[in-house]
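Visitor: Work the whole structure out from these sequences, hints included.
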Amino acid sequence: MSDDLAHIYYGTRQPVDQARHLQAGPWSARLIDGALHDIRYRDVEVIRAVAFLVRDKDWGTCRPALSGIEVDESENGFRVAYRAQCTNPDGHVLSYALSIDCVGRGALAFSATVTAHDAFLTARCGFCVLHPLEGVAGAPARVEHGDGTRESAAFPALIDPWQPFKDIRSIEHDMPCGLTVRCSFTGDVFEMEDQRNWSDASFKTYSRPLELLWPFTLDAGATMTQTVTLDVEEQALARPDPHVSTQAHLQTLTLDLNERADERIPALGIAIAADEVDAALDHRALLAELSPHQLTLSFDPTAGHGLHELERFATLQRESGIRCVLEYALPGVDAPRAELDALASLVALSGIELTGIVVSPSVHRQSNPPGSVSPPCPALDEVYREARRAFPGLRIGGGMLSYFTELNRKRPPLELVDWTTHATCPIVHAADDRSVMQTLEAIPHITRSCRALIGAQPYSIGPVSIGMRQNPYGSRVMPNPHGERVGNGHLRSAPARAVRRRVAGRLRGRADGRARRHVDAWRVDRSTRTRRRKQRRAPLSDVRCGEGAGWHGGRDAAHMRGRESARNRMCGGARRAGASASHRRQSDRLHTRCAARSAWHHIGRAARGDDRRSVAAKQSRHVTRRVVQAASVCLSDRDVVNERRRRRAPITKARRRANELLKGVGSKPSAAFLILMVYSSHQHST
1 MSDDLAHIYY GTRQPVDQAR HLQAGPWSAR LIDGALHDIR YRDVEVIRAV AFLVRDKDWG
61 TCRPALSGIE VDESENGFRV AYRAQCTNPD GHVLSYALSI DCVGRGALAF SATVTAHDAF
121 LTARCGFCVL HPLEGVAGAP ARVEHGDGTR ESAAFPALID PWQPFKDIRS IEHDMPCGLT
181 VRCSFTGDVF EMEDQRNWSD ASFKTYSRPL ELLWPFTLDA GATMTQTVTL DVEEQALARP
241 DPHVSTQAHL QTLTLDLNER ADERIPALGI AIAADEVDAA LDHRALLAEL SPHQLTLSFD
301 PTAGHGLHEL ERFATLQRES GIRCVLEYAL PGVDAPRAEL DALASLVALS GIELTGIVVS
361 PSVHRQSNPP GSVSPPCPAL DEVYREARRA FPGLRIGGGM LSYFTELNRK RPPLELVDWT
421 THATCPIVHA ADDRSVMQTL EAIPHITRSC RALIGAQPYS IGPVSIGMRQ NPYGSRVMPN
481 PHGERVGNGH LRSAPARAVR RRVAGRLRGR ADGRARRHVD AWRVDRSTRT RRRKQRRAPL
541 SDVRCGEGAG WHGGRDAAHM RGRESARNRM CGGARRAGAS ASHRRQSDRL HTRCAARSAW
601 HHIGRAARGD DRRSVAAKQS RHVTRRVVQA ASVCLSDRDV VNERRRRRAP ITKARRRANE
661 LLKGVGSKPS AAFLILMVYS SHQHST
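For the sequence shown, UniProt numbering gives the first residue as 1, with consecutive numbering after it.
Heads up, some of the hints might be wrong.
[As the list claims (entries may be wrong)] Quick list of in silico lysine-lysine cross-link-like pairs, DSBU-like style, CA-CA up to 35 Å:
| id | residue 1 | residue 2 |
| --- | --- | --- |
| 1 | K204 | K57 |
| 2 | K57 | K410 |
| 3 | K410 | K166 |
| 4 | K166 | K57 |
| 5 | K166 | K204 |
| 6 | K204 | K410 |
FYI, nobody ran anything at the bench for these hints, they're computed from the structure.
Guide: Here it is in structure tokens:
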């Protein structure tokens with residue numbers, strides 16, 4: 001198959017991993033990239049997969065480089081052996097030797113011995129056993145624990161938010177076909193999680209309990225050995241026929257388009273992130289052809305989103321004519337009332353017309369595994385009451401901006417929301433084609449479990465995306481620059497964002513790379529910052545930076561004049577007579593970003609409370625107003641050009657608007673709310 005044809009079929013030019021079929025008496029399986037998949041006994045799937053996995057600190061999979069692969073097959077059984085080497089993002093190396101042995105009607109045995117060549121940081125290193133859903137969900141199970149005690153229970157029928165079984169030495173379950181499957185483990189403490197939470201079609205038994213510290217470090221030179229053994233017993237009265245293929249049980253479905261259907265196809269929408277609006281506007285015809293029921297617009301103040309993004313959403317709404325629902329990640333820095341009032345002001349200023357808004361605390365996008373401490377978060381009752389007050393008459397959605405896992409663990413107050421929602425993604429754990437397609441098997445389990453939580457309340461799932469938009473289980477989404485099958489990753493990594501988005505919104509233009517270098521070069525050294533931290537700041541004085549304005553105390557004025565001279569030299573003398581207009585505009589951008597950097601720096605310190613001036617910033621109305629006035633000059637590239645044309649009028653209007661908004665805030669607004677006010681005041685003035 002050509003690369004172009006493969007790209008059409010699979011969405012990637014990465015070659016498909018080839019499977020090798022293995023057979024030993026009643027056992028059969030497929031060997032793919034060192035792991036055993038689709039493990040069957042008399043043609044009945046008893047185990048979905050057994051694999052040895054190494055995860056990095058963000059739960060990304062360290063793909064092994066295999067060597068010395070040996071596959072021996074005979075009439076009595078088969079044996080697989082190989083060596084593998086894994087490298088984590090820090091460049092540290094770990095290797096393991098793995099063997100798989102199967103003899104006729106005996107057990108299927110796996111063994112792996114691991115050696116860390118360096119101090120290896122990992123979130124998981126060990127065997128993972130996947131139990132299928134068909135015939136297993138709700139089935140009786142018997143668990144032997146590490147201390148020898150036994151427990152009779154059952155696999156959960158509805159999705160369990162936590163681990164259904166812990167401290168597993170062995171587990172066996174009965175299947176409807178009359179088989180009893182037993183899995184035994186040695187070498188570590190194993191437990192099970194219900195992977196239907198993440199739309200995986202399996203229950204997973206894995207090593208190292210999540211209650212223990214992760215990521216953890218395997219010391220250089222350390223070794224460990226793990227084993228997994230699979231046994232199957234047949235009941236004499238209900239033996240499955242080994243000659244009947246599962247293909248014979250497939251049914252043919254007939255769809256009559258003239259017959260009235262009992263079920264209705266759910267309304268379909270499209271999720272659009274703030275950085276995707278321009279692409280959507282460039283493809284208006286395609287958007288009209290898709291004719292979605294609604295657009296779900298993602299708005300995240302913690303990512304620097306403000307009035308500009310809402311105005312772009314409003315433009316998209318007007319030009320598409322499609323109803324819009326806003327997803328709002330509540331920052332949780334200030335009281336919900338203040339943050340939702342700020343959002344309501346921005347929505348009103350932007351002119352966007354919403355049919356609903358989904359509100360969810362930003363911290364709920366990060367998972368809290370068992371044993372971890374939940375970060376501070378406002379009470380959900382308060383959040384949704386304030387949302388209803390701030391947006392009277394608007395439908396309020398509750399739930400999670402992440403996956404069903406988080407909804408299953410943190411359930412919204414149903415009486416305060418109009419509908420419940422969560423997202424789903426099929427590549428949280430694996431991105432191979434078969435695993436992705438098998439996630440469809442888990443969707444009915446998710447909807448059934450969610451219905452058990454919310455009853456008859458309206459329910460939506462979205463966005464449904466193959467690539468992850470955010471990683472609830474680590475500090476980053478796995479990079480995927482070549483568009484390959486990467487679990488826990490983007491479909492394709494976006495180019496790196498220029499400079500820092502929180503400095504002055506999104507910075508655009510050719511000067512971005514140069515600005516980043518210069519801004520970094522202008523950092524004040526640590527000793528100077530320490531000295532200033534101990535000094536009392538003099539009354540506000542503005543130091544002109546070209547056409548922009550900076551915020552600096554009296555003691556900093558001379559220092560800033562010296563830095564301005566250095567900047568002019570770095571910019572190649574943009575302010576010399578005869579410099580081009582383009583060069584002057586680039587210089588203006590640099591100067592304005594410097595002022596923005598200073599303003600945001602002090603706002604952040606005030607919010608964190610990490611210096612003495614933060615107390616004054618929180619208690620003094622004068623200081624708070626000064627911060628707002630300073631931050632109101634944080635302009636984007638486009639607005640810097642407008643500033644040259646309009647002289648200083650926009651800044652004057654922005655300050656006036658910021659002061660008006662400040663009157664209703666009180667004496668202790670948070671940094672997050674100040675940022676929202678700055679966006680509002682500046683965009684309103686221009």
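Visitor: So, against the hints stated earlier in the document, which numbers end up violated here?
Guide: none
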